[in-house]
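Peer 1: Given these sequences and hints, build the entire structure.
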Amino acid sequence: MYKNAVVIFLFLLVCLTGCAGSGSLSAKPIKLPDPAQADLNGSLILSLGGEVSIINPILLTDTSSSAIEGTIFTGLTTINEKLEVVPDLAKSWDVSADGKIWTFHLRSDVKWHDGQPFTADDVVFTFNSILNPKVNSVRRSDFIIDGEPIKFRALDNLTVQAFLPRPFAPFLTHTGMSLIPKHLLEGKDINTAEFNRRPVGTGPFKFKEWVTGDHVIVVRNDNYYLGKPKLAQIIFKIIPDENSMLVALEAGEVDSAGVPPKDYRRLKAKEGLNVFEYDALTYTYLAFNLANPKFQDKRVRQALAYATNKEQLVKLIFKGLASPAYAPSVPISWAYSDAVEKYPYNPEKARQLLKEAGTENLSFTILTNQGNKEREKAAVILQQQFEKVGIEVNVRVMEWSALLKIINAPKGPKDFDAVLMGWSLGLDPDAYSIWHSSQYPVGFNFIDYRNTAVDRLLARGRTTLNQAERKKIYAKLWQIIAADQPYLFLWYPKSIEAIRERVGGLSRPGPAGLMLHLEKIFVTK
Amino acid sequence: MKTFLWRRIIQFIPLIFGVSLLSFFVMHLAPGDPTSLFTNPNIDPRELARIRANWGLDQPIYLQYFYWLGNLLRGNLGTSYTTGQPVLQEILARLPATLMLMIPAYILTLLITIPLGVICAVKKDSWFDNLITIFSFAGMATPSFWLGLVLMLIFAVQLHWLPAVGISEISATNQSMLARGIDFLRHLILPLSTMVLLSLAGITRYQRAAMLEVLNQDYIRTARAKGLPERMVIYKHALKNALIPIVTIIGLSLPDLFGGAFIIETIFAWPGMGRLGVMAIFQRNYPLIMGIVVFSALLIMLGNLLADLAYAWVDPRIRYAKK
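For the protein sequence lines, the chains are F and E, in the order given. Using this note's numbering, the letters of the first sequence correspond one by one to residues 1 to 525. Using this note's numbering, the letters of the second sequence correspond one by one to residues 526 to 848.
Here chain F is said to cover these stretches of chain E; the calculated rule only asks that three of the stretch's residues, wherever they fall, bring their Cβ under 8 Å from a Cβ of chain F:
id: 1; region: 570–578
id: 2; region: 608–614
id: 3; region: 792–806
I should point out that these hints are in silico values taken from the structure, not numbers from a laboratory. Where is the CB? At the ideal position from N, CA and C, for every residue including glycine.
Peer 2: Structure representation (structure tokens):
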């Protein structure tokens with residue numbers, strides 16, 4: 001009798017949840033508000049999935065802190081919707097003929113939020129702080145070229161020069177680094193400064209309030225140099241659970257939230273919401289440990305590529321919200337080229353290659369990190385696809401730190417067969433840290449990939465400044481890497497973001513996000 | 526009594542030392558380190574080694590422990606790696622929200638479960654007892670994240686009666702005290718209900734079992750035999766004795782008040798200690814983990830001490846004599 005009652009009770013509860021989420025499922029078009037209806041006293045409420053730790057651009061390492069930092073601080077340069085570097089605090093710049101001296105001309109109308117003028121000294125102070133070994137900045141290596149730091153000097157109040165030891169193409173994208181005020185931080189221990197909880201910047205919004213673990217508020221900077229922002233304030237609400245974030249969005253408590261693929265169709269059909277999908281600067285791969293005898297033969301790796309049905313993989317996991325990957329670059333990058341060997345699904349060919357390589361009874365283990373459902377599913381699907389060509393695969397899901405301990409082991413050969421992970425790429429196509437043979441065993445070439453042609457191209461790619469020439473270099477590079485298949489490239493995920501229809505002034509959806517021009521964002525009443 | 530108290534309090538010192546020593550070394554056995562989360566192809570691993578050295582993590586572990594202990598003796602719990610702020614400040618910032626959720630949840634749970642347990646024991650095998658048993662097991666079997674989300678979907682999304690997440694309406698900061706109080710209560714209802722609904726089972730079952738045991742004792746039969754009214758038998762003779770095991774359980778769960786409830790806090794975006802602690806472990810934020818461990822250890826000891834004192838109050842046979 002008890003049993004029946006429990007079953008009925010649970011059934012009722014399940015019904016309640018089931019009913020709560022139903023509705024029509026046809027996608028509706030994007031509906032943007034009229035800028036004339038902008039509410040100049042309006043607040044935008046954004047959700048953050050992780051805790052905010054430190055609001056200082058040179059110290060932060062997490063995405064939540066970074067999202068807030070981006071509203072308060074600005075850098076010498078920024079990026080546009082096409083991911084090109086464009087002027088920000090520097091109104092222009094020029095580079096010497098040898099590519100080693102960069103001169104930045106600063107805007108003269110910029111003030112810090114406390115009213116002090118922004119000058120070249122602040123720029124020099126910021127970069128010298130990053131380079132100071134006592135400051136815990138992970139950005140330091142951006143400003144060191146082959147072991148030599150870049151030198152920064154203020155020519156006058158509004159001109160800054162950077163002296164590079166040798167030409168270095170990725171340098172320009174690193175000048176997007178947000179700048180910090182010298183007058184508030186000089187002589188202080190930046191790692192522990194009170195400033196990191198009450199920041200002062202040059203951006204469109206000023207810091208107002210931070211309630212630990214709960215929210216951060218930034219308010220309009222009336223003196224912003226690109227014009228007065230239309231929003232009175234932005235509230236960042238910390239909601240660590242992905243499902244709760246969506247509930248809060250549907251309850252109208254936040255204006256935007258990231259959407260996991262499983263909720264995409266439901267939210268796309270929802271009244272009052274605009275759902276945007278756009279490409280991200282990341283790719284997911286299965287990396288083979290080349291120091292491991294199992295994968296030393298190129299034919300084995302190519303066989304695995306032929307044995308992988310990427311279209312099916314992407315369809316099963318993402319329902320169309322990702323695309324198959326073939327090269328270690330992303331389609332939205334200017335340096336992308338798909339003139340590479342794509343290994344179309346062909347189990348017959350895979351079997352033949354394995355036979356030629358003399359490894360018909362291959363068995364190996366795929367490691368992946370816990371907490372990423374897509375990767376866990378992919379490992380299992382790959383297991384099934386490889387089984388069809390007679391390869392036995394074990395899947396091991398590990399805690400992130402435990403996994404990193406294996407792949408970051410200070411000495412080779414490292415103790416793994418294959419790892420399913422992803423890389424987030426920078427704005428510059430330079431991939432030296434991932435593929436150059438010098439980046440093993442310490443570095444991110446953790447699979448011990450060595451190819452002298454690749455090493456040469458990587459070195460040329462980062463020292464050549466001409467973009468058309470670089471494009472050719474990287475096209476060749478991707479071609480060689482795809483032929484070698486040290487990674488099996490899997491997919492490019494899409495970012496999906498839902499924003500309430502009351503939010504306008506959005507930029508074109510892209511990896512730079514939807515709020516590239518924060519001063520133009522508005523909400524209606 | 527006084528000597529008993531002092532003796533117990535002095536015993537805390539070696540205990541804290543032992544607990545911190547053990548947790549420090551166990552913590553360092555976990556793979557990875559605080560810079561693991563920064564892994565990114567654009568960050569040179571040598572920079573991470575430099576940052577670890579800045580934090581003193583390149584020193585032998587026993588030395589790191591002595592530095593930490595030395596600082597603790599000077600009342601300094603260290604600096605959090607992720608925020609650069611003092612650990613004590615990090616913990617204190619989370620404490621109010623934690624207590625504001627945990628204390629009402631705790632009191633409410635006791636207020637409901639103790640009478641329920643008593644009624645169930647007295648009316649053993651009645652329809653009421655059976656119903657409560659069913660609810661108790663359903664409560665035990667229900668995951669908190671699921672119940673939390675269901676409540677949110679009903680009361681926040683469908684009915685719009687209550688807010689889904691957070692501790693207060695952020696735009697309400699410049700309202701009157703009363704309005705802010707009401708706002709806080711509205712935010713409290715859902716997480717509080719989730720917690721209470723799910724923890725009903727445990728103490729109700731304990732109370733029921735303890736009460737049943739007492740009701741079978743000879744002195745209860747004697748009390749009934751001498752013609753005492755049933756009410757008197759239950760509330761005076763039985764309940765007081767049946768409370769002893771409950772006091773132990775209550776004492777032991779005192780650290781939870783401080784430790785927070787990770788899942789509930791995550792679901793309802795409640796800025797409590799549970800989230801801080803779990804986050805600290807994921808990030809291998811050693812100073813913060815140690816700070817929380819020391820705090821929790823102190824509270825467990827305090828909880829035990831309070832439970833011991835409460836025994837003397839509920840059970841006249843227990844007395845802490847002066848020696």
